[in-house]
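Order-wise, the sequence lines are chains A and B. Under UniProt numbering, think of the first position of the first sequence as 1, with each following residue one higher. Under UniProt numbering, think of the first position of the second sequence as 1, with each following residue one higher.
None of these hints come from the bench; they were simulated from the model. In this text, all values refer to a predicted model and were calculated from it rather than measured experimentally. Heads up, a few of these hints could be off.
A pair holds if it fits inside one copy or across any two, identical chains being indistinguishable in the list.
The list that follows gives simulated cross-link-like pairs (lysine to any residue, SDA-like), each with its CA atoms no further than 20 Å apart [stated by the list, open to error]:
| # | residue 1 | residue 2 |
| --- | --- | --- |
| 1 | K153 | T163 |
| 2 | K46 | Y62 |
| 3 | K9 | G112 |
| 4 | K53 | E43 |
| 5 | K9 | D110 |
| 6 | K2 | D189 |
| 7 | K252 | R16 |
| 8 | K17 | E89 |
| 9 | K375 | V59 |
| 10 | K30 | E380 |
| 11 | K2 | E158 |
2 protein chains.
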Amino acid sequence: MKFSTKVEKCGLSPMRKFHPYAVAAQEKGKKIYHLNIGQPDIETPKAYFDAVKHFDQPVLEYAPSPGMPVLIEAIRGYYAKLNMHFAPEDILITNGGSEALQIAMNCILDDGDEILIPEPFYPNYNTMVCTCGASIHPIPTKPEEGYHYADRKKIEAEINEHTRAIMCTNPGNPTGTVLTPEEMRMMVDIAKEHGLFIIGDEAYREFVYAGEPLQSLGEFEDAAENVIVIDTVSKRFSACGARIGCLISRNKELMAHAMKYAQCRLCVPTIDQVASAALYDVGPAYFAAVRDEYKRRRDTVMRKLQEIPGVVCECPKGAFYAMAALPVDDAEKFQIWLLEHFDDHGDTVMFAPGGGFYATPGKGINEIRIAYVLKQADLERAMDLLALGIQAYNNR
Amino acid sequence: MKFSTKVEKCGLSPMRKFHPYAVAAQEKGKKIYHLNIGQPDIETPKAYFDAVKHFDQPVLEYAPSPGMPVLIEAIRGYYAKLNMHFAPEDILITNGGSEALQIAMNCILDDGDEILIPEPFYPNYNTMVCTCGASIHPIPTKPEEGYHYADRKKIEAEINEHTRAIMCTNPGNPTGTVLTPEEMRMMVDIAKEHGLFIIGDEAYREFVYAGEPLQSLGEFEDAAENVIVIDTVSKRFSACGARIGCLISRNKELMAHAMKYAQCRLCVPTIDQVASAALYDVGPAYFAAVRDEYKRRRDTVMRKLQEIPGVVCECPKGAFYAMAALPVDDAEKFQIWLLEHFDDHGDTVMFAPGGGFYATPGKGINEIRIAYVLKQADLERAMDLLALGIQAYNNR
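So here's chain A without its partners, still in its complex pose:
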């Protein structure tokens, strides 16, 4: 049987590759501390479950294809408080930020097209771009420069006749890099000058740790044709299993094309939309508490990393990830060794090896992504295991 050449070019998630080794380690009785996945342990606000419990329609009907008005209005209200004013038709409710990204890319990328993405990047972009027949053109960065990419010369050097868009994951996953307002302005200007879309994947918008105001590409009203914002309740409200996100743009032609996809899949789940609307009633105290909790964890990770000789890691400014270069030959080999041959009092640790976050072959080979989604004591133990592991691996 013949399959699509596009899907044949795609791979499975690089994070899943180590799952069989993890299963084998657990079967041997090892306890694994997970720094490898971005599933927060923060409780979902009760407002979500209350709304779910109070849903009382006798027929669970289709929702409208663009999304339920109650949720669209809640999102408009959230943005209005950040001084961004969107019309209802600028917002399309999607199955998580993931579907918003898929729809956006399917609307703007054709066979042979390129999208500029700073590397390292969120690995699922690979499948999203590849299944459009397009390819990722990486913007190179360096661990010792904190994975900084907002440099006009560096970016313009990568633009060619195939370039259609720039992806701006801000705050960054896996790097935690956060753009300054001036850098965002400059990124938008590049998009405008070169006639490109600029996609702001802003899933981690609430997670910035230097007290700076929350920023969004949606603020740049002069670039209404260029800017696409991707948003989601997943991380903001620790509601990953709701699968509620949205695609936001003032580009009317883009939104008309996106509606074709939206109608084709009919709608997004009704109860999750109603419950997600209730999340937006959660006040700023919730965000502040969550932000403080993650900041403490980030500081723990950074303190522990600095104690390990040979580690390169600039302090991440946002999201809940840190990308670090380790003093090991190969992070994938090191991960497998940690699962197969290492333990400290029966414990070992998992992270996400860096290679899967790069498009350029061979890059990121000694880097890892740490997701600091564990409670303080577990995080300290996990980081100690990492340090002990590096020492034992290099002395083996």
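Using the hints, position chain B against chain A.
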């Protein structure tokens, strides 16, 4: 700004085209009887809402990408009762049957490929196929033959070097056509002999009205490489807003490719999966009652249609749709006229004009799809309005 040539070729839903006319009619105070949409009015089983209310995890976490084991097991159990035995890895949970179709098509259709689909067909197939860069190659049918398509000669005449798959919507939407077991065997044989996938879109499996046992392409274990089954809780349990469906196939390579898509969009909503699993505990009495209700409605529609001179409509054997040729020049013009210029005591009626269900230009122009999803009294009234409308339209 440049958009994907694939999305530019797609259109909006043909069912939505009449929405502005409906809004205008309602603003004038007209009451509209809706025979145009497939949203059932049957109550969703209480088991769904009970499961929703009892969900008590403090963190709404991501579900596994292939789906939650509790739901996969419930679906396996349902099929086992129909004497079809699937391994857990043969079943991928999706965002409704729609996503299952999108994933299947993206895995098997490449630029320039063709999929054979009997016309008239479910219009969303257009966008699904078109965004893969492929095209629908229609298998022609006739209203006076009850839209029968299961004819080896007719189908083989349409197969060429671009053909990759046959779509078999059974029971049919919009036609209500139901294949016999012999016809299903023959369709599967054609797929095997020509090395094609055969997709069974079986959303309406429970809705067959002649007392025949429930059939599925999944029964043909000798065609494990060819058969893909699309299923959903939407119609079976009147739970369209759950957006829970699945892709089923014993073709391991196909399922491996499908998993790439599944991982890329992370997962399907957690609470809807848990609640949908509970639906599968609903007993055969529920299905029997629902089936009887729809059968009564179908009989009403057929009785009423037969009273209208000049209507061509073979009695549909399944689903909850009837496709009929009307004695009017153009069903779209007739629909707009019904909304703008017709009423009987302030009432008018909507259906789905037939043209949007055909790939061949000009076909279906005097046909309509009737969705019999209204309670008995409303359905009688809606059909009377249709009869009065035809008379008034042709005498205008």
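Consistency of the hints with the structure:
1. K153 x T163: within (16 Å within a copy, 48 Å between copies)
2. K46 x Y62: Answer is between: at 17 Å across copies they meet the 20 Å cutoff, but 25 Å inside does not.
3. K9 x G112: The answer is both: 14 Å in one copy and 18 Å across copies each meet 20 Å.
4. K53 x E43: Both. Shortest intra-copy (17 Å) and inter-copy (18 Å) distances satisfy the 20 Å Cα cut-off.
5. K9 x D110: This pair counts as both: shortest intra-copy Cα distance 16 Å, inter-copy 12 Å.
6. K2 x D189: The answer is between: 18 Å across copies meets 20 Å, while 44 Å in one copy does not.
7. K252 x R16: For K252 and R16, only the inter-copy Cα distance (18 Å) is at most 20 Å; the intra-copy one is 38 Å.
8. K17 x E89: Between. Shortest inter-copy distance 17 Å satisfies the 20 Å Cα cut-off; intra-copy 40 Å does not.
9. K375 x V59: between (41 Å within a copy, 14 Å between copies)
10. K30 x E380: Within. Shortest intra-copy distance 18 Å satisfies the 20 Å Cα cut-off; inter-copy 68 Å does not.
11. K2 x E158: between (35 Å within a copy, 19 Å between copies)
Hint violations for this structure: none, all hints satisfied.
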